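When you get a sec, could you build the whole thing from the sequences and use the hints?
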Amino acid sequence: MTKAVLRLNGIEKAFAALKVTDCLSLDVLEGETHAIIGPNGAGKTTLIHQISGVLAPDAGRIHFDGRDVTDLPVSARAHLGLARTFQITQVLASFTTLENVALAVQASAGSSFRFWRPAEVETPLNAAAMAALATVGIAARAPIRAGALSHGEKRLLEIAIALAQAPKLLLLDEPMAGAGAQETHRLVQTLGELKRRYTIVLVEHDMQAVFALADRVSVLVEGRIIATGTPQAVRTNAAVRAAYLGHAA
Amino acid sequence: MVGSARVASLAAHWWALPFEERLAVGLFLPLMLLPVAALGLGGYLLVIGERAMILAIAALSLQLLIGVAGLISFGHAAFLGIGAYAAGILASHGHGTLVLALPAAILSSALFALLTGAIAVRSRGVYFIMITLAFGQMAYFVASSLAPYGGDDGLTWPTRTLVFGTRVLKSETVFYYVALAALGGVYVLMGRLVGSRFGRVLRGLTDNERRVEAIGFAPYPYRLTAYVMAGATCGLAGFLLGNEVEFVSPAYMHWQRSGELILMVLLGGSGQRYGPIVGAMTYLLLEESLARFTEHWKVILGPLLVVVALFGRGGIAGIIERWRLGELSLAMLWAACGAIARAQAKRVMGGLRQAEAVAAGALDRAIPRSKASAAAFVARWRLSKMRVGEAVVSLALIVDRSISTTIARWRRR
Amino acid sequence: MPTSLVLVQLFNGLQFGVLLFLVAAGLTLVFGVMDFINLAHGVQYMLGAYLAVAFFRLTGSFFAAAALALPASLLFGLALELGVFRHLYGRDHLSQVLATFGVILFLNQGVKIVWGAAPLNMALPELLSGSVPLMEGLRYPVYRFAIIGVGLAVAGGLYVFVNHTRIGMLVRAGASNAAMVAALGVDVKRLFTIVFGFGAMLAGLAGVMVAPILSVEPGMGDQVLILAFVVIVIGGIGSIRGAFVAALLVGVIDTLGRSFMTDALRLVLPPSPARVIGPALASMGIYLLMAAVLAWRPAGLFPAKGRT
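Same order as they appear, the protein sequences are chains A, B and C. Take 92 as the starting number for the first sequence in our numbering and just add one per residue. Take 5 as the starting number for the second sequence in our numbering and just add one per residue. Take 7 as the starting number for the third sequence in our numbering and just add one per residue.
The hints are simulated quantities; they were obtained by calculation from the structure and are not laboratory data. None of the values given here were measured: they were computed from a predicted structure. Honestly, I wouldn't trust all of these hints.
Derived SDA-like pairs (lysine to any residue); straight-line CA-CA distance at most 20 Å [stated by the list, open to error]: (1) C/K118 with B/Q260; (2) C/K118 with B/T298; (3) C/K195 with C/H93; (4) C/K118 with B/I304.
Okay, here's the thing in structure tokens:
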């Protein structure tokens, strides 16, 4: 049986009287690309925050790669192999593109409590960083200051940073958000190549991308998963249609 | 022929060095030669030089916090005091030797940094500023209440730190070079630190903490380490400061001294490694010259701080960098001022012309009654004033245009 | 330790705490609503005291002086806001720290130029200059009771204002999320000015009340400022309730500590080291309290921005 890289068990989260995550359970199997979709206000962002460690759930457990990570902070989970991209691109604007990724490589390449040797001459770090940049196709922009990159390039950089963490799970938070048609196409292509090598959780609104990339889809409505299955099965599911279209189809 | 070729190649070599290294030479070379100048100009020069270099070490250590780690510490002067007191207390008990006093100064500062930093670094932003301010004052008060070590009046050292039993530090020249060596060492150390793996993590955390956390770096251990390192380095500066004056008092740790250290870093520029050195020297020069001017020199310093805070983006180093990158030059300054002035002149001109039209109309209406009437007189007076004003503005515009053309021609040549 | 002495110091601590609250309240609001770190708040307190002395010399009456000094210090605060602080909202904290530090230097020196460096004094008002018997053999000055009374009244008024008026609601909302309040269409500039002016007046009031019992000198606001910071950090930024609780705590602990630490230590240590360590420990007291609170709650006791 394929092992579950990420297992959410009975996750609950409420902000005062508003229940944002309601008894949510989810399994992400090794090697699959699992998309999470849902209408606005369904609680996707809160869910991502809980998976990555920004928010702590009120109840329930989160297991990552067999370990209970519910009480671990963001950086510890990242160390275990949970790499995440942000919906609003967060790169280190004052660093070069290469240095952004090299920092990610550094996180899993020994201690960073080294005070003397210049980090920029560490060839193994740079080589791994360039490889990640090449995978997403922006290796040519390596020496450019990340703040000067175009929006699409920054998105690709985000993915490169995640790749450089040698992740066991890629958590992608709406990578197509705000992307134009060309950009979306490029991203879908890139993600299509990554699909084969990584386990991916893809939170997305863009249905075309979801159906092109996802092996399985979970539908999140009002904090609860109402359906999980292949994209085709979900598309024809009555409850899902009711949630999106407002009436039983 | 051969000689000039060698000179040319040396010159080429020199200009090929990165700007920061050239500037470092430009700073350290005069410092190395200062004692020679002091032979002629008086030993007081040495004392000022020492003071500047010691404060530069303190400012460099603060830059690690403000510029690299993004931690605004308003209690940094406490480490100056702790270093000086540690060495001074040992000296007063007859144990003022290098082997004991120097490690004591550095370690006690590091310990204070560890204890207070453990609490302070957990908070960010405004909390951190206030907490460090509070802890700095705490150190000040504890020192004030140490009656056996002078309390408020301070502690006079019996002598400078003994180096292996000798009073070699008594010679001002020797002490000067010791301070210079310390400054050079700290300068190199800071450079290495910023470029190292550790420095990279710190810089990343300051740029975008969320991002770096998500990569796998917990902020707390790195920032706390930086805080302890900065504290220890400043303790070294305190050791030197106490030695220089052979005296230490709680005033070293007063929060105003912490504020002065922040000013030094910002004045010089927190973005470049040479910034704090330039800032420390500039501040000392400012203090010396203003104090000669008036006893109430702080009345002038105060508004200066406000101006630096509002307009001094990047400090002196920032200005130098922008000049270097061609973003700033006299021509641009003139162009910018010129643009503003020209816009103002056009507005004034327009206003004048409007008013002139009104006045001319008033004159026309007044004349049928009596040429010598008061209204006519006033209208004529207003009209002539306006015409003079227009002439002046036109002249100014002509002058501005000729200067701009000259500058443009000079740039194109 | 006779109970009468403890009681006296307890009341002194309350009085000190109430004064700290007046200074800290304005400071915490300004932090909370405008995210503006105002180091120059202490000079507001100092100016209140100096203005009280100046007007007292003019009018000869404490109450007239107080009635004049309060609006004067409000005007001064507004002038500072208009001239300097307004340009600092939204700037990074470092610039704010540096600029307000400059204002402190300028005003401390300015006060020295105008009134001289020697400490000034002011007489207690006739009406409040007596003392009241508390218990057998113990009298406590009426004036200090008056300070406590005024402080508690202001605290009560502030509570009503912040929790039961529209402007108070805006202030609370602003302390929680200023950007949102602006997005909702509230004239944030005016709100800022009101908050700032109010805080300045409270600090000035503290200064006015303290003028007859402390020596009025340049720099008297600095230590009060730092204590106010401690109060705010303990109480939680943006929270008036936190400032109140923390101020009283700080006031009482500091006063009692200074009075009794040496004696308390004598119970466990020989007199000589007790006499050295006692004052040192006493002066560290509130900072240790701050460290302890922060170790337990890094955002203070009642942070306005809520806990996640």
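Verify the proposed pairing of C/K118 with B/Q260, using a straight-line Cα cut of 20 Å.
17 Å, holds
Holds or violated: C/K195 with C/H93, Cα cutoff 20 Å?
12 Å, holds
Sort out whether B/T298 lies within 20 Å of C/K118, counting only the CA atoms.
13 Å, holds
Given the hinted pair C/K118 and B/I304, is their Cα-Cα distance within 20 Å?
14 Å, holds
Checked against the numbered hints given earlier, this structure breaks none of them.
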